[in-house]
Amino acid sequence: MNIRPNAILEVDALERRFDVSAPWLNRMIEGKPRRTLRAVDGVDFVIQRGQTLALVGESGCGKSTIAKLVTGLHPPSGGKIRFNGDPDRMQMIFQDPFASLNPRWRVGRIIAEPLRTLRPETPAERVAARVDELLRTVGLAAADGLKFPHEFSGGQRQRISIARALAGEPEFLVCDEPTSALDVSVQAQVLNLMKKLQKDMGLTYLFISHDLSVVRHMADVIAVMYLGRIVEIQPTADLFASPLHPYTRLLLDTIPDLDAPKRDRAPMGGEVPSPVSPPSGCSFHPRCPLAFDRCKRERPERRAQVHERRVACFAAEATSTGETTDT
Amino acid sequence: MTDTVLDVRNLRVEFPTRHGTLTAVDDISLTIKRGEILGIVGESGAGKSMTGMAILGLLEPPGRIASGSIHLSGDRIDALDDRAMQSIRGRRIGAIFQDPLTSLNPLFRVGDQLVETIRLHTDLTKSQARTRAKDLMREVGIPAVDERIDNYPHQFSGGMRQRIVIALALCAEPELIVADEPTTALDVSIQAQITALLKRLCRDRGTAVMLVTHDMGVIAETADRVAVMYAGRLAELGAVEDVVRRPQHPYTVGLMGSIPSLRKDVAELQMIPGSMPRLNAIPQGCAFNPRCTHAGPKCRRDQPRIDSAGAACWLALEGATA
Ligand SMILES: Nc1ncnc2c1ncn2[C@@H]1O[C@H](COP(=O)(O)OP(=O)(O)OP(=O)(O)O)[C@@H](O)[C@H]1O
Ligand SMILES: Nc1ncnc2c1ncn2[C@@H]1O[C@H](COP(=O)(O)OP(=O)(O)OP(=O)(O)O)[C@@H](O)[C@H]1O
Ligand code: SF4
Ligand code: SF4
Ligand SMILES: [Mg+2]
Ligand SMILES: [Mg+2]
Numbered sequence: 001m002n003i004r005p006n007a008i009l010e011v012d013a014l015e016r017r018f019d020v021s022a023p024w025l026n027r028m029i030e031g032k033p034r035r036t037l038r039a040v041d042g043v044d045f046v047i048q049r050g051q052t053l054a055l056v057g058e059s060g061c062g063k064s065t066i067a068k069l070v071t072g073l074h075p076p077s078g079g080k081i082r083f084n085g086d087p088d089r090m091q092m093i094f095q096d097p098f099a100s101l102n103p104r105w106r107v108g109r110i111i112a113e114p115l116r117t118l119r120p121e122t123p124a125e126r127v128a129a130r131v132d133e134l135l136r137t138v139g140l141a142a143a144d145g146l147k148f149p150h151e152f153s154g155g156q157r158q159r160i161s162i163a164r165a166l167a168g169e170p171e172f173l174v175c176d177e178p179t180s181a182l183d184v185s186v187q188a189q190v191l192n193l194m195k196k197l198q199k200d201m202g203l204t205y206l207f208i209s210h211d212l213s214v215v216r217h218m219a220d221v222i223a224v225m226y227l228g229r230i231v232e233i234q235p236t237a238d239l240f241a242s243p244l245h246p247y248t249r250l251l252l253d254t255i256p257d258l259d260a261p262k263r264d265r266a267p268m269g270g271e272v273p274s275p276v277s278p279p280s281g282c283s284f285h286p287r288c289p290l291a292f293d294r295c296k297r298e299r300p301e302r303r304a305q306v307h308e309r310r311v312a313c314f315a316a317e318a319t320s321t322g323e324t325t326d327t
Numbered sequence: 001m002t003d004t005v006l007d008v009r010n011l012r013v014e015f016p017t018r019h020g021t022l023t024a025v026d027d028i029s030l031t032i033k034r035g036e037i038l039g040i041v042g043e044s045g046a047g048k049s050m051t052g053m054a055i056l057g058l059l060e061p062p063g064r065i066a067s068g069s070i071h072l073s074g075d076r077i078d079a080l081d082d083r084a085m086q087s088i089r090g091r092r093i094g095a096i097f098q099d100p101l102t103s104l105n106p107l108f109r110v111g112d113q114l115v116e117t118i119r120l121h122t123d124l125t126k127s128q129a130r131t132r133a134k135d136l137m138r139e140v141g142i143p144a145v146d147e148r149i150d151n152y153p154h155q156f157s158g159g160m161r162q163r164i165v166i167a168l169a170l171c172a173e174p175e176l177i178v179a180d181e182p183t184t185a186l187d188v189s190i191q192a193q194i195t196a197l198l199k200r201l202c203r204d205r206g207t208a209v210m211l212v213t214h215d216m217g218v219i220a221e222t223a224d225r226v227a228v229m230y231a232g233r234l235a236e237l238g239a240v241e242d243v244v245r246r247p248q249h250p251y252t253v254g255l256m257g258s259i260p261s262l263r264k265d266v267a268e269l270q271m272i273p274g275s276m277p278r279l280n281a282i283p284q285g286c287a288f289n290p291r292c293t294h295a296g297p298k299c300r301r302d303q304p305r306i307d308s309a310g311a312a313c314w315l316a317l318e319g320a321t322a
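Chains as they are written, first to last, in the numbering used here: chain F, 1 to 327; chain E, 1 to 322.
Think of the hints as simulated: they come from the structure by calculation, not from any bench.
A portion of the hints provided could be inaccurate.
[Stated by the list, open to error] Within a straight-line C-alpha distance of at most 30 Å, the following computed DSBU-like cross-link-like pairs (lysine-lysine) qualify: (1) F:Lys-68 with F:Lys-199; (2) E:Lys-199 with F:Lys-262; (3) E:Lys-126 with F:Lys-262.
[To be verified] With beta-carbon atoms standing in for the labels, derived distance ranges: (4) F:Arg-263 with E:Gln-155: 52 to 62 Å; (5) F:Pro-87 with E:Gln-155: 44 to 54 Å; (6) F:Ala-128 with E:Ser-69: 37 to 47 Å; (7) F:Gly-85 with E:Ala-309: 48 to 58 Å; (8) E:Asn-105 with F:Glu-30: 49 to 59 Å; (9) E:Asp-146 with F:Glu-15: 38 to 48 Å.
Quick reminder that beta carbons are idealized off the backbone N, C-alpha and C, glycines included.
Given only the sequences and the hints, what does the whole structure look like? Please build it.
Rendered as structure tokens:
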């Protein structure tokens, strides 16, 4: 794998399997086999410094597992993750701002912690000054440092999480559904803040969301996931202008569009299959309106070596220009 | 007037607490016609579910209806005793909640639950009821009904379970369905299947639907009219196209601007400063006044009110906030 000149993160053929077998005794008595769940099944992507790459997809497609692999909370079962930055300066923001803040610590201490870990020699008054500065950066008051997390609303708590992440002087932030638990008006406050910080500090984001309109607003590049795989990856404008994968197209047809109220739409049929026993070939084939014989037998690939290849689909390959199936 | 299925007048829901009485629903009036879907939208804690629960007669004590009236096709239902209300709930009002498992018994086959509910509300025989259960399952889009009818709830996916709950709500052919966040726990592609189903049922059967959700997108796509709630009060009520495209209330304007668009690029999303007040700290006058850029002296003094249409805002009502 070649390091791309400006890539901060390169992920190659990443895999993560979970053993979801019944307990050993049950397997012996009931004669059940071992079962493996492929949560992340051969994922490639590259994130350029200062940009935002978004992972979108429905529940269980493997987004959070990728976040945990990238931040080292899970070891990969296969493939490579290359981070061309300072590993100490990678931070994570979680969906639930309450669960991720220690309820017994004052906010000031919560925010100071990453700073103390990163630079233990920092004098106390420098830490205090930095905490005040961070609170103001995220739109809170210096006095808020003396309060406890439960004294804040959901949006304010997410600001505290962001301030804590910034205390570690991050260059790279992994944000797993940072606004999914928030009301839309509060979500707007947090998204605007994240965009401003990115511009001011040159931050890079791996941004995870199931909401395509949020992702469209935030991302430079969007990767659409289905059952542990990236089925399509495109710059944001291209993805919305000309979605290539049938799943992306169905997803775009399906999401409610505020600019077209009372639209009658044809909802996508079928259900998301179980990742323990995914369909053969292209795992989308049972729901795909374009599926043909080959889709049931063979798995369409989209590999990093041909990063120009934006889609893993036989039908899209056949129709898109300049791409051949026999790379 | 016979077309009006639900008529809620000046509804007020209160919670007496040790620190005083909290008003969770404050003077709400709305109507739903036959075959119409009314969306109730608003942020967390705005009082959407309380409004739905009051209509269903399911308010948990000490919560209670303090004043106002609720009529169902002309019959007053807000002052009935528990038994009478229970019979209305199955027969005339169907309920669908966010978690399908609150409506389904995990220990019984879905078919048996449907048959039991149908027999409770009609005088069909057991085998007739089973035939009807299968028809309903087909109508809500369950494939392979002959096999699935004898499955238990846990053998269905979340989306399929919600379809079964809808079938259950339809058993007695109710006049009104109250659906509280029916798609919130589901994936977008499944969500679309459920809202399309609700729309079709409403159209085909003439059922009136009250659709409670915090998701403006779902409302825009599903509802005919929409009521926007803020701090227990109605902020705005109107045809969905009007509220989405030409909102009148400053809160609705801010809300619409804060939602990222699927088509338009904006450098920055519109923000409403601050957050919705807690029930014990609702400001005098217009509840939105501390966050409103148009607020004037009148807004801090007098509460703007609407009666089932328009925007509860002095600017919209009188063209001035002085
Ligand atoms: N520790 C684990 N053990 C077993 N299975 C797991 C584990 N963690 C995740 N999984 C499974 O891996 C798959 C991917 O999960 P993941 O949490 O990454 O999905 P996601 O895309 O983040 O979904 P959501 O939108 O619901 O958060 C799921 O099927 C999940 O059940
Ligand atoms: N038992 C109770 N005692 C006091 N207040 C209560 C009680 N139950 C609910 N409330 C309050 O009533 C208000 C309205 O709650 P409701 O559940 O109707 O909100 P909602 O609009 O449905 O919000 P969400 O989107 O979170 O479901 C909230 O402020 C809530 O805190
Ligand atoms: S490979 Fe076949 S089944 Fe898969 S998305 Fe493309 S056309 Fe559909
Ligand atoms: S009544 Fe006044 S404070 Fe309330 S929304 Fe209208 S202008 Fe703003
Ligand atoms: Mg997740
Ligand atoms: Mg609710």
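Consistency of the hints with the structure:
With a C-alpha separation of about 25 Å, the suggested pair Lys-68 of chain F and Lys-199 of chain F falls inside the 30 Å cut-off, and the hint holds. The straight-line distance between the Cα atoms of Lys-199 of chain E and Lys-262 of chain F is roughly 10 Å, inside the 30 Å bound, and the hint therefore holds. With a CA separation close to 40 Å, the supplied pair Lys-126 of chain E and Lys-262 of chain F exceeds the 30 Å bound. In this structure, Arg-263 of chain F and Gln-155 of chain E break the distance hint of 52 to 62 Å, their C-beta atoms being roughly 34 Å apart.
Separated by about 45 Å at the C-beta atoms, Pro-87 of chain F and Gln-155 of chain E satisfy the suggested range of 44 to 54 Å. The given range of 37 to 47 Å is broken by Ala-128 of chain F and Ser-69 of chain E, whose C-beta atoms sit roughly 58 Å from each other. For the hinted restraint 48 to 58 Å between Gly-85 of chain F and Ala-309 of chain E, the CB-CB distance of approximately 56 Å keeps it satisfied. Taking the beta carbon of each, Asn-105 of chain E and Glu-30 of chain F are about 27 Å apart, not inside 49 to 59 Å as hinted.
Hint check: Asp-146 of chain E to Glu-15 of chain F, Cβ distance near 40 Å, so the stated range 38 to 48 Å holds.
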